[in-house]
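Student: So for the sequence shown, our numbering puts the first residue at 1; every next one is plus one.
Hints were generated in silico from the structure; no laboratory data involved.
Incorrect hints may appear among the rest.
The list that follows gives simulated cross-link-like pairs (lysine to aspartate or glutamate, EDC-like), each with its CA atoms no further than 16 Å apart [what the hints assert, rightly or not]:
1. Lys194 x Glu81
2. Lys194 x Asp86
3. Lys194 x Asp91
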Amino acid sequence: MGGGMEYNKNKWIEEWGAARENLELNFRWSRRNLALVGIFGIAIPVLVYKGIVKEFWTVVTILSFTERTTSPCSEEEDDDEKIRNDYFLKDQIPNWVAAGIAVVSIIVVPMIFHSLKWYHVLVAYLIAPILAFCNSYGAGLTDWSLASNYGKIAILTFSYWVGLENGGVIARLASCGLMMSILDTTFGLMGDFKTGYLTLTSPRSMFFSQLIGTAMGCVITPLLFWIFNSAYRLGDPEGSYPAPYALMYRGIALLGVEGFGSLPKHCLNLSICFFVAAILINLVTQLLKKFATKYRIYRFIPSPMCMAIPFYLGGYFAIDMCVGSLILFGWQMYNKQKAKDFGPAVASGLICGDSLWGIPASVLALDFA
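Required output: the full structure, derived from the provided sequences and hints.
Tutor: Right, dumping it as structure tokens:
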């Protein structure tokens, strides 16, 4: 319900969820001897193409937004801003610290994932700063991180490079996790550094705070995984935690190794059609936003990303999204300003509360006998 209050466009999920179930029952193009069959064989490449379209369109939107909003800077710098700049730049993290941490990681990561070689990690670290800058800049303007899309691209790239016979799917998934962790951490740090800049907080303190939190996560996360894995059947499509992302990322890794021949018949054609359709929908939406402002017709055009999600996750959360959207809609009718100010806070509370309940629920479900 919190997600429904946060993303009002997801009202389309219910209809597309029903269409997804119909496809699952009546699909005749999948072959059972393939690694990617059924609806997931279609959903995985469709989502990849949708993600690429979303990434491309976000970059185009950012560039146009920058051209419209960029203004010449004044020659005389404000005193307050000068103080902030001086304080922010005087307490930088030394380059040798960053290089040392990178060297340690290049040595340690291949020890954990044997199919990843040191030069794979090195190449990932050389590419990651460029992608991290693009992701952080785009997320700063749109509040939407595309780290998962970059991770999918990393899977496809390293899948082709490593090869199935040299380590299986593990290397591809590890490279994706490596890339996503870098981009997500960078995205979070950029926000922290901005907060530190505004509050005159040391950027070094912000960095080490993030480092301490990461170290705590290295201990807490495996324990939570053990609790969930002991209480539930993780990855079971019929269970409480089907873990659909695991199937998707594994499918992308297999796609990168085995090529398009591993997909069901006509899957590539469908993906290309949806790829073009997503571009056209985004183009029409932007044109309507610019030229048809009187009735704001663009509000009734569905989001391609929201339309793609039910084909992958299913429509089981459509009622939750619908209820949340109705509550937000009623709130906006009653008091639009308060709904705008406090809607994200209410949604965040619902999301966090529902997520945290999973921990005591897992403990109660443990079999201590």
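Student: State for each hint whether it applies.
Tutor: Results for each hint:
no. : hint           : in the structure
1   : Lys194 x Glu81 : holds (13 Å)
2   : Lys194 x Asp86 : holds (14 Å)
3   : Lys194 x Asp91 : holds (14 Å)
Figure legend: structure checked against the earlier numbered hints; every hint is met.
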